[in-house]
Structure formats: C-alpha cells, structure tokens
Amino acid sequence: MTLAKKKAMTAYVFLAFPLVFFVGVRFGPMLYAMIRSLTDWSLLRKTNQFIGFDNFKAVLTDPVFLKSLGNTLRYAIVGAPIVIALSLGIALLLNRIIHARGLFRLIYILPYITPMVAVSWVWRWMYQTPPMGILNAMFSALGLPAVEFLISPDQALYSILAVNIWVELGYCTTVFLAGIQTIPMDCVEAAKIDGASERQIFVRIILPLLMPITLFLMIMQGIQFLRIFTPIYNMSSQAMGGPLDSTKSAALYIYQMAFTKFEMGRASAASLVLFAIIMVVTLLQLRIFDKKANNQE
Amino acid sequence: MKRLKVLGMTLAATMLLAAQAVSAAPVTITYWQYFYQSKVDLMNDLIKQFEAKNPGIKVDQVTFPYESYNQKVAASIPAGEGPDVINLYSGWLPMYVKAEYIQPLPKSSFGASDMKANFYSFVSPAVNFGGKLYSAPTAVRTLALIWNKKLFKEAGLDPEKPPRTLDELADYARKLSKYDAQGNLIQAGLTMQPNGQGHNWIRDVLFRQFGAAPYDATGRKVTYATPQGIAAMQWYMDRIVKDKVGYPNFMTDDVTAFKAQKAAMTIDGSFRVATLKAMKDLDWGIAELPTHNGIKSNFASFWTNSIVSGVKGKQLDASVKFLQFLTSPEVMEQWLAKVGELPANPKIAAAHKDDPIINVFMKGLDYAHVTAFVDEAGQRNLFVDMIDEINLKGAKVEDVLKRTAVAEQKIFDDFWK
Numbered sequence: 252m253t254l255a256k257k258k259a260m261t262a263y264v265f266l267a268f269p270l271v272f273f274v275g276v277r278f279g280p281m282l283y284a285m286i287r288s289l290t291d292w293s294l295l296r297k298t299n300q301f302i303g304f305d306n307f308k309a310v311l312t313d314p315v316f317l318k319s320l321g322n323t324l325r326y327a328i329v330g331a332p333i334v335i336a337l338s339l340g341i342a343l344l345l346n347r348i349i350h351a352r353g354l355f356r357l358i359y360i361l362p363y364i365t366p367m368v369a370v371s372w373v374w375r376w377m378y379q380t381p382p383m384g385i386l387n388a389m390f391s392a393l394g395l396p397a398v399e400f401l402i403s404p405d406q407a408l409y410s411i412l413a414v415n416i417w418v419e420l421g422y423c424t425t426v427f428l429a430g431i432q433t434i435p436m437d438c439v440e441a442a443k444i445d446g447a448s449e450r451q452i453f454v455r456i457i458l459p460l461l462m463p464i465t466l467f468l469m470i471m472q473g474i475q476f477l478r479i480f481t482p483i484y485n486m487s488s489q490a491m492g493g494p495l496d497s498t499k500s501a502a503l504y505i506y507q508m509a510f511t512k513f514e515m516g517r518a519s520a521a522s523l524v525l526f527a528i529i530m531v532v533t534l535l536q537l538r539i540f541d542k543k544a545n546n547q548e
Numbered sequence: 002m003k004r005l006k007v008l009g010m011t012l013a014a015t016m017l018l019a020a021q022a023v024s025a026a027p028v029t030i031t032y033w034q035y036f037y038q039s040k041v042d043l044m045n046d047l048i049k050q051f052e053a054k055n056p057g058i059k060v061d062q063v064t065f066p067y068e069s070y071n072q073k074v075a076a077s078i079p080a081g082e083g084p085d086v087i088n089l090y091s092g093w094l095p096m097y098v099k100a101e102y103i104q105p106l107p108k109s110s111f112g113a114s115d116m117k118a119n120f121y122s123f124v125s126p127a128v129n130f131g132g133k134l135y136s137a138p139t140a141v142r143t144l145a146l147i148w149n150k151k152l153f154k155e156a157g158l159d160p161e162k163p164p165r166t167l168d169e170l171a172d173y174a175r176k177l178s179k180y181d182a183q184g185n186l187i188q189a190g191l192t193m194q195p196n197g198q199g200h201n202w203i204r205d206v207l208f209r210q211f212g213a214a215p216y217d218a219t220g221r222k223v224t225y226a227t228p229q230g231i232a233a234m235q236w237y238m239d240r241i242v243k244d245k246v247g248y249p250n251f252m253t254d255d256v257t258a259f260k261a262q263k264a265a266m267t268i269d270g271s272f273r274v275a276t277l278k279a280m281k282d283l284d285w286g287i288a289e290l291p292t293h294n295g296i297k298s299n300f301a302s303f304w305t306n307s308i309v310s311g312v313k314g315k316q317l318d319a320s321v322k323f324l325q326f327l328t329s330p331e332v333m334e335q336w337l338a339k340v341g342e343l344p345a346n347p348k349i350a351a352a353h354k355d356d357p358i359i360n361v362f363m364k365g366l367d368y369a370h371v372t373a374f375v376d377e378a379g380q381r382n383l384f385v386d387m388i389d390e391i392n393l394k395g396a397k398v399e400d401v402l403k404r405t406a407v408a409e410q411k412i413f414d415d416f417w418k
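Same order as they appear, the protein sequences are chains V and H.
Quick note on numbering: the first sequence equals residues 252 to 548 in our numbering.
Quick note on numbering: the second sequence equals residues 2 to 418 in our numbering.
These are computed hints drawn from the structure, not numbers from a lab.
Fair warning: this is a prediction, and the values are worked out from it, not measured in the lab.
Where is the CB? At the ideal position from N, CA and C, for every residue including glycine.
Some hints could be false.
What the hints assert, rightly or not - A short list of chain H residues far from chain V (calculated; beta carbon distances all over 10 Å): (1) Ile48; (2) Lys151; (3) Lys176; (4) Lys222; (5) Pro228; (6) Asp239; (7) Thr253; (8) Lys263; (9) Gly286; (10) Asp376; (11) Gln380; (12) Asp400.
Unchecked claim - Taking beta-carbon pairs under 10 Å as the criterion, some of the chain H residues facing chain V (in silico): (13) Ile78; (14) Gly184; (15) Asn250; (16) His293; (17) Arg381; (18) Leu393.
Sequences and hints are given; from them, build the entire structure.
So this is what it looks like as structure tokens:
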C-alpha cells in the first residue's frame with residue numbers, strides 16, 4: 252500500500268464511525284418510521300397491521316393537524332426573515348463599535364446559550380396578565396391597558412415566536428459577525444475612494460459577499476422554526492399548544508399523538524408529512540437563493 | 002447418537018437443578034409509582050415492613066416523574082420491561098384494561114364481596130370490567146372548597162363561614178374579587194381552572210346539581226347536553242364572563258394563585274392538603290362543596306394498584322400478597338398519616354372523623370361519583386377548549402356544549418367499538 256492509499260484508508264476508517272452513527276441513529280429510525288406510518292401501530296394495541304395510507308388520510312383530514320401545520324408555517328414565514336434581518340442589522344452595528352465590543356457580543360449571545368426551557372418559563376411569567384407579569388406591570392404603571400399575550404388565541408403564537416426570535420438572534424448575529432469579518436477591507440476601501448455611498452457599499456459589496464452565509468442561516472432558521480417545539484411545550488398551559496390549539500406546532504402535534512394518545516403509526520405519518528414540508532421548503536430556498544447568489548457573482 | 006442422549010440428559014438435569022435453585026431463591030417483584038416525595042418515602046418504609054413479614058419476597062420500587070409516568074407505562078409494558086405491581090390513576094384503567102396491560106385480580110384474594118365490604122362504594126364499579134376486578138386502591142381522593150381566611154376578613158366576610166350554596170359562592174366570589182385601576186382582575190374571588198379540578202367539578206358536581214346526569218348508567222353515553230346541562234355550564238361561564246371573579250390560567254394556574262394568596266377560594270382535592278399545610282403563612286379553611294337546589298355532589302378519584310399481565314407463578318403469588326398488604330388497614334393508616342390521602346376503606350376513615358379536614362372529605366365521599374374516563378387527557382381538554390371558546394371567542398354556551406357532547410361521545414364510541 253502506498254502512503255497516499257494508507258492516508259486515504261485512515262480517513263475512511265475515521266469517516267466510518269460517523270457513518271455508523273448516521274445510519275443507526277438517523278436513517279434507521281427514519282426508515283422505521285416510514286414503515287410504521289403504514290401500520291395501525293399503537294402502544295395500546297397488540298395488533299400491528301398494514302393499513303396502507305389510512306394514517307396519512309386521517310392526519311391530513313384532522314383539523315387539529317391542519318391547524319398545527321398552518322401555525323408551523325406561520326412560525327417559519329414570520330420568524331425566519333425577522334431573525335435574519337434583525338441579526339444582520341445587529342451584526343453590522345456590533346462590527347462598528349469599538350468600546351466594550353466583547354460585552355455587547357456576550358449580551359446578544361446569552362439568550363442562545365441559555366437552556367430553552369428556562370428561557371420559556373421566564374418569559375411565560377413575564378407574559379402573565381396582572382397581577383403577575385412584569386410586562387403588564389409596566390403597562391399598568393404607564394396607565395396602559397393589560398395585554399393578554401399567552402391567554403389570547405390571537406396573540407399567543409406571536410408571543411411565543413418573539414421569544415424564539417430573541418433566542419435565535421444570538422446565534423445568527425454571531426455567524427453574521429464572523430462573515431462580515433471575512434469581507435476584504437480593500438474592496439470597501441476601494442469603493443470608498445471611488446466615491447461609493449454607505450448604502451451603495453452595503454447593497455453592492457457587503458450584502459452580496461454575505462449571500463452564502465445568509466443562505467445558510469435562512470435554511471437553518473427555516474428548519475429551526477418548522478420544527479419549533481420546546482417554547483410551545485413550556486409556554487402553553489399544560490403543554491397543550493393552546494389556547495384553542497392556536498400555538499400548537501406540527502412537532503407538538505406529533506409528540507402528543509405519539510406520547511399522550513400512543514398512536515405511533517399516526518404520529519409517524521404526521522412526522523413524515525412534516526419531513527416532506529421541511530424538505531420542500533429547504534430545496535426551494537436552496538434553489539432561489541443559490542440562483543441569486545450566482546447571479547450576483 | 003449416544004453422545005447426544007447423554008448431552009440431552011445432562012441438559013435436563015442441569016435445568017432441573019436450576020429450577021430448584023430458583024425456587025429456593027427469594028422472589029423479587031417490582032413496584033412502579035410516580036415520584037411524589039412523601040409517597041416514595043412511605044413506600045420504602047412499607048416495603049421494609051412487608052419484606053420483614055414475607056421473608057421469601059423482595060420488592061423493588063421504581064419511580065418516574067409524574068409528567069412522563071403514563072408515557073413510561075404505555076411504552077414499557079408491551080416491551081415486557083414493565084413492573085409486576087403498578088400504581089395507576091383510576092381514569093386510566095379502562096385504557097389499560099382494554100389494552101390487556103393489567104390482569105384481573107384473583108377472585109380468591111379480591112372477591113366482589115371483599116370489595117364491597119372494604120372499600121368505598123364508588124371503587125368497585127370503577128375497577129370492575131366485564132365482571133372482573135382489576136385493581137385495588139390504598140387511598141381515595143375527593144374535592145372540597147378551600148378558602149383563604151385572611152382575604153375573607155379583608156373583604157369583611159366572616160372567616161369561619163364559607164359559602165354553603167352556589168348562590169352564596171357566586172356572591173362571596175364577587176365580594177372577594179379585586180381589580181386595579183385599569184379594571185384588571187388582581188385578586189380572584191374563585192379560581193376558574195378547568196384543566197385543574199375545574200372540569201371534574203363541572204362534570205360530576207355542577208351538572209348533577211342543575212339536574213343533568215353527565216353520563217348514563219353505563220358511563221359510555223354522554224347525557225349532559227340538556228337544558229339543565231346548559232344551565233350548569235352557563236352558571237360556570239357567568240362567573241368568568243359576567244362576574245369576572247376568575248379566569249383560566251390566572252397567575253398561571255389555580256394552585257399557584259391560591260398559594261400566592263391571590264385567589265380567595267378554590268375547589269381542589271384532598272391531595273392538596275399536605276401542600277397547603279406546609280405553607281405556614283397561609284390561613285385557610287376547608288368545607289364541603291357548596292350545594293345547589295338542595296343537591297350535594299362530589300367527584301372522587303384514586304390511584305390504584307394493579308398486577309401487570311403476564312405475571313404468573315411465584316411472581317404472581319408474591320404480587321397478590323403485596324397488593325393485599327397495600328390495601329390492608331395498617332397501610333391505609335400510615336398512608337393517611339404520612340401522605341394525607343383518605344383511606345379507601347370507609348371503616349378506617351370513620352375512625353378519623355374527629356379530624357376536621359378528614360371529616361370534610363369523608364362527608365364528600367358519601368355522595369361522590371367517579372367518571373369512567375377512557376381518555377382522561379382528551380376528555381379534560383374538550384372541557385378546557387369549550388370554556389376557552391365561550392370565554393375567548395364569545396361562542397354561545399348552548400352551541401359549544403352540544404358540540405363538546407358530540408366530541409366526547411365520539412371518544413367513547415371509538416374506544417368501546
């Protein structure tokens with residue numbers, strides 16, 4: 252064996268471990284779920300029969316599942332763009348400041364490194380109606396009417412979404428900051444000498460150069476919001492995704508189907524539907540943004 | 002061929018010896034319950050007492066957090082990793098009996114007449130499926146009205162005189178409610194928490210007091226969608242919508258609100274007594290649930306012990322012995338003293354009727370009903386959603402109650418088909 256071959260062999264051996272992990276922990280269960288979605292498997296029944304696409308029919312005609320899908324899309328469509336836009340803005344501002352740089356960065360990353368369950372409960376208390384929540388105490392002191400937040404079917408979803416956006420800002424800002432620092436300063440300097448305005452520099456130089464990072468974050472955040480679970484589980488009363496299913500995401504629906512109703516087959520079908528949606532959305536994003544990124548070059 | 006024969010004989014002899022060794026070794030059985038500190042501590046004590054009396058038997062206690070307990074049970078038993086003896090909520094029994102997770106108790110040890118003689122009358126129908134008894138409780142629980150004496154005094158009410166009727170309850174609740182300058186409720190006169198004990202209070206108390214039976218005698222048919230049922234629901238909703246004395250999730254939930262002294266009255270179970278007793282600065286009283294139209298009613302439930310399917314032979318004998326121990330008068334006494342839950346045997350409970358708190362619950366047990374839940378979480382949620390729809394979306398009580406009845410009937414029909 253030549254040295255090159257030996258080196259390649261070593262690489263393959265090392266790569267094999269993650270592969271085993273991936274097959275065993277990711278693909279295996281996924282395939283298993285696909286098979287199970289075609290059966291009437293329930294933890295409470297001994298039978299385990301093949302029933303074709305009945306589970307898919309059942310979940311796709313279940314108004315609660317459809318509502319949870321609608322909610323999920325709302326989380327993603329509203330949440331992801333706001334996170335990206337805000338974190339880009341914050342990253343640009345953070346890049347400008349000279350004093351207490353580290354402190355500011357720490358402040359923005361803190362929510363992200365705090366456990367989501369703790370974040371959710373703190374916000375749940377802050378959102379409470381009088382006499383408990385600090386937000387309403389502030390409104391009350393200013394003579395403003397109380398805001399219902401989590402107990403209103405119209406506001407609860409956005410209240411939860413706001414918390415998730417706040418948490419994700421830390422991550423996205425950090426990634427954008429790293430991206431901004433890779434932009435070659437001579438490009439910007441040259442543009443400045445040529446008389447480009449701040450706006451032109453931002454639109455013509457910084458934004459295009461950040462395109463790959465934006466694409467990456469858009470996809471990651473899209474997936475993140477489409478799988479949203481923890482804040483809803485912890486911020487809605489008894490983890491039900493209420494009031495009136497107004498905050499229930501598809502992931503929470505799947506969890507409840509599997510672990511409170513014990514209908515594993517149906518839960519598998521619902522999770523495959525969610526999987527398909529995430530897949531389509533991600534592919535669409537790749538297509539659209541990739542084209543844009545290529546056009547700009 | 003000869004060698005094979007020798008091998009076979011050796012094998013048979015080894016197995017015989019092994020079997021004998023097993024019979025001499027102590028039998029170990031596993032007991033599951035959810036984690037509740039005082040219950041776990043007491044159970045460790047009880048196991049020691051039981052093992053001292055039954056030298057051949059060892060008991061392992063395993064506990065899980067309450068939130069994931071039902072989930073753990075459902076996932077483990079079919080996988081054959083479950084316990085021998087298990088503690089289950091009465092509302093879960095139909096589900097686990099239908100799934101054949103638990104086995105009928107042997108008639109020789111737990112006969113129908115023993116059940117009638119040694120347990121409150123509502124226990125037997127709740128553990129009887131197809132003429133077989135599947136479970137036996139140590140303790141039972143029921144509801145009562147609990148009030149904050151300090152807040153009564155502040156509102157100019159006699160702290161020793163709780164409301165006796167629903168009309169009085171509504172009147173007191175109005176007097177005990179406080180609002181800020183913007184009109185926000187800052188002290189609830191009465192907790193209105195359907196996902197706590199509220200849905201049970203509506204189901205088995207309010208409906209009956211307004212003249213509607215919640216279910217028929219089989220417990221499989223919903224019968225509350227009547228003018229009387231609507232009147233009961235209307236009474237409940239008027240407290241939230243018209244009187245504004247409380248609303249769902251005020252201060253996150255009813256227990257938090259009452260403990261923080263931000264709710265003056267609440268309807269809660271006997272299991273809450275230990276928690277309230279531990280709060281030194283809380284001055285509270287307890288009384289039977291208010292009556293209406295002269296009708297008394299209450300809701301009872303219990304955590305109960307069953308033997309898992311597939312347990313047989315020596316394991317089964319040991320499990321039955323342990324179950325008999327758990328439902329014995331001596332254990333009920335200890336359970337009352339250490340956990341604070343009421344003995345499932347009315348005779349044992351009667352011996353404590355001088356304790357004012359126990360007395361209130363004992364009286365309640367005399368006229369209590371048990372709901373034959375088939376999907377406790379699902380059925381509870383229907384009531385939670387019903388109240389949210391009326392309160393938050395302005396839906397009509399009559400329409401939503403009828404829809405809820407249909408939905409709950411569907412849960413029954415799907416289960417019993």
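Against the structure, the hints come out as follows:
1. Ile48: Given a closest Cβ separation of 29 Å, the condition holds.
2. Lys151: Check passes; 16 Å lies beyond 10 Å.
3. Lys176: 18 Å, holds
4. Lys222: Holds, because the least Cβ-Cβ distance between Lys222 (chain H) and chain V comes to about 22 Å, which exceeds 10 Å.
5. Pro228: 26 Å, holds
6. Asp239: 19 Å, holds
7. Thr253: 6 Å, violated
8. Lys263: 6 Å, violated
9. Gly286: Consistent with the label, Gly286 (chain H) stays out of reach of chain V, its closest Cβ about 23 Å off (over 10 Å).
10. Asp376: 8 Å, violated
11. Gln380: Non-interface label on Gln380 (chain H) holds, nearest chain V Cβ at 12 Å vs cutoff 10 Å.
12. Asp400: Holds, because the least Cβ-Cβ distance between Asp400 (chain H) and chain V comes to about 15 Å, which exceeds 10 Å.
13. Ile78: 9 Å, holds
14. Gly184: 8 Å, holds
15. Asn250: 5 Å, holds
16. His293: 28 Å, violated
17. Arg381: 9 Å, holds
18. Leu393: OK, holds: Leu393 (chain H) within 10 Å of chain V, min 6 Å.
When held up to the earlier numbered hints, the structure conflicts with 7, 8, 10 and 16 and fits the remainder.
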